[in-house]
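*Asks:* If you're matching them up, the sequences are chains A and B in order. Under the working numbering, the first residue of the first sequence is numbered 498, with each subsequent residue one higher. Under the working numbering, the first residue of the second sequence is numbered 813, with each subsequent residue one higher.
Quick caveat, the hints were computed from the structure, so don't treat them as lab data. Careful: at least some of the hints might be erroneous.
Unchecked claim - Here are the in silico distance ranges between beta carbons for each label pair:
| # | chain 1 | residue 1 | chain 2 | residue 2 | range |
| --- | --- | --- | --- | --- | --- |
| 1 | B | N996 | A | S840 | 52 to 60 Å |
| 2 | A | V650 | B | A951 | 42 to 50 Å |
| 3 | A | F844 | B | E1292 | 44 to 52 Å |
| 4 | B | T1129 | A | I617 | 54 to 62 Å |
| 5 | B | I867 | A | S840 | 28 to 36 Å |
| 6 | B | T1129 | A | G745 | 22 to 30 Å |
| 7 | A | D647 | B | E1202 | 43 to 51 Å |
| 8 | B | E1192 | A | V536 | 51 to 59 Å |
Treat the numbers as computed from the prediction; the structure is a model and nothing was measured. Cβ coordinates follow ideal geometry from the N, Cα and C atoms, glycine included.
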Amino acid sequence: MSENAAVKQKKFSWTDEVPFEILRLFTAIVVALLISFLVLCFVSDNPVNDFVSLLTYPFKSPFYFSYVLVKMIPLVFAGLATLLYFRASLFNLGTEGVFYISGVFMTFFAVNPLTGIGIIDQIICIAVAALAGGLISLLPGFLKAKWNADVMVISLMMNNILFGVGLWIVRTFLQPAGVSGNSSEYFADSVRLTRIWTGTQVTTGIIIALVMVALVWVLLYKTKLGYQLRMTGSNARFAAYSGMSAFGLMLLIHFISGAIAGMGSAVELLGNYQRFSWSTLPGLGFTGALMAMMGKNNPIGATIAAFGISYLRASAQLLANTSPVIDVKMISIVEVILTLLISSQYFLRSWRNKQMIKEKGGE
Amino acid sequence: MSEPILKLEKITKIYPNGVVANKDIDIEFEKGEIHAICGENGAGKSTLMKIIFAIENATSGQIYYKGQPVHFSGSMEAISNGIGMVHQHFMLIPSFTVAQSIILGDEPKKGMFLDNATAIEKTRELAHKYNFDDIDVTAKIANLTVSEKQKVEILKTLYRDAEVIILDEPTAVLTPQETDELFNQLRQFKQMGHTIVFISHKLNEVMDISDRITVIRNGHTYGTYQTADVTMEQLTELIIGRKLDTDFDALKHPVENAKVLLDVKNLSYKDGGVTKLEDITFSIKAGEILGVAGVQGNGQEEMVRDITGLIPHQSGTVKIDGTDISSMTIKKKRDSGLSYIPEDRMEDGCTVKESIADNIVSTFYQKPPLSGKFFIHNREILKKGRELVERFSVKATSEKDKVGSLSGGNIQKVVVAREWATDPKVMVAEQPTRGIDIGSASYIHEQLIDMRNNGAAILLVSADLNEVMSLSDRLIVMYEGRIVAYFPSLKGVSESELGLYMLGVQKMDPSVIKEASYE
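Please model the entire structure based on the sequences and the hints provided.
*Replies:* The structure is reproduced here in structure tokens:
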């Protein structure tokens, strides 16, 4: 090392980029929780008790805790799909539409398994859902790559279109004759994912989700495609100047993200449902965005975020059975505030500026 | 000595992002002097001027104007107190006339309405008083040349009775002839009692025009000198903090059996019906630097972007070592041996959010040993990054630093290092040292010479005449999308001679221009 070694070793400071982002995230979480506490103060006779329960309830029994893991799986998939988009500077919020439609397509194969051998049918189902999700997501990808269409607008519109089309398919082809409602026939037993924790609903789905986290991490940081994605996402003009083709990349990223969403849909349905019975969109578009943002577009970060949010959701849902005031909707407050604070570029920035001026001024 | 008209005392400016732009600056400006503020780009000159003009607030320190401590709340107040500023980038409205532009903000009125006749009369009087008679006050701004626009900006400050006029890099956009004219006018203003603050990094101009010079480096003042008492060499040392070797000819050595590596023929380009390039033909041999001089906006940008593939190719051919690359993708062009240092290093040349290592391999990350079929080898990429950071003396704590944390000069070194690393046959260097410190600039110049000596063909496009003249082996001048002059050697060629071609006053005979190509 020549003169570079002589450059002074940096002292740790909260105003440095990474510590500052962590500080920002924790402040956002604290603020969000405090506000939910305030809300509790209005509705509860014993707000402190309720608040403590909300924060600790899942640890009361293994079953409660397993519920957190069950809730976390779809959030992990949604987070992974969305963070890949965000990494490429694509603000695609279409994960929930893709979740819905790929679940519908998978149902054909879950209701009438092809082979009768459990593991193979499960793989077929997941593969079908992944393929459906990937192919459908190519549409916004193509529109973006070819005509520079606004991905956010298209993906939001597509959510509704895919929901409408999916619901029509369920009613027309999947619904058993003579039954009202919007459900398919029951899935074959063999395709249901295997429970891996006795006495709970935790299935092999959690393993699949964690494997996907690892794969996405490898994709982002260890492959040529991931390198291209990171460069294109942080400066598209630079990537083009360097000789990377944006067109193929746009299509590929959309396909991969869509496939991840499709997989998530299959895992969720085969893990927790008897049949396809979604009559609304699963609401994973914005949640996926929240996971990606909280995790700073890093797959591991997004997984931790998914755990945190599903922890609160599970806790609230469990408490809702016994408490008159706690409801899952309360957690929506936390989520909305988190989204707001984390996506606000200026949150805590003036504090950071003042700190930095103080530090430099002393030199 | 009389009371200084403007005095800065311990001015310090720290930006919110932690950058210390100015630290304890003390300067006194006398009435009726031309006072140059000298320093490299990024030394803190512009920030200091913005503080005087109240566009920015100082973090600490005090400004005295005519002996009184002042705190201008904004530039309007600075203007009304007699301080005027001509910015590097003009602040004029293209659809206005000269008269309208000058009176804007202080309009003569007839009742509720603008009094146009008085406005024209008043501005004409003003122009006459200051010897700006060549300015037609009824002309539209859009139809003026750059130097005329600058005169309008100067008249604007005079209309508001500016006693102190700050000129921020006024000659950057001017040809040598126009610069001389500006200097004569500035001397005249001085006679009339105005104080001129002249900001520049062009030392020869500073030596020519100023009475006193204040040197700023790294946000600190390094003294105020009587211009007559210092030499260029002393000034250079003060500005960059060390001695500088500028004799590039001594560094050059000839390349044997050089063949033509870049051959451009009949390159033409139209943008929305407007001809931007017409019949550009030249070629460059291995071990040669072909300079392209010209006032900016005369087709140089289109030529470079066409050759490098940033805009779609229209007509003509571009060959690298015999291979026609004109319609290839950027990747294929690069694979054929093309490298490119782009004019806009922040937008095209790097991504500030990623590490130096990731930035420095972006054009060859896909080749072994940096990557295999699917995977990149991060260890190799970091190693390559470290190698290049050291080879090009990039000042960073490590190759993992984000490019955004580097200074402009060091970012440019990263760009040059990357383009150098592929051992290109042809290097297109577009404004390779614009806006960076003298130290980095001279380092980059040496690297370009080094590449030339190792057999690369270099196309050097620069608005900095000094740069093209000192580096090039041969030179073409572009005007309105055409080559108007060709110099097979730069021996005995003067700046003012080039200026005549740059302004389109003169054109060489087509038979001479044809010589720019070896075929």
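*Asks:* For which of the previously enumerated hints does the structure constitute a violation, in increasing order of number?
*Replies:* When the structure is compared with the hints, none of them turns out to be violated.
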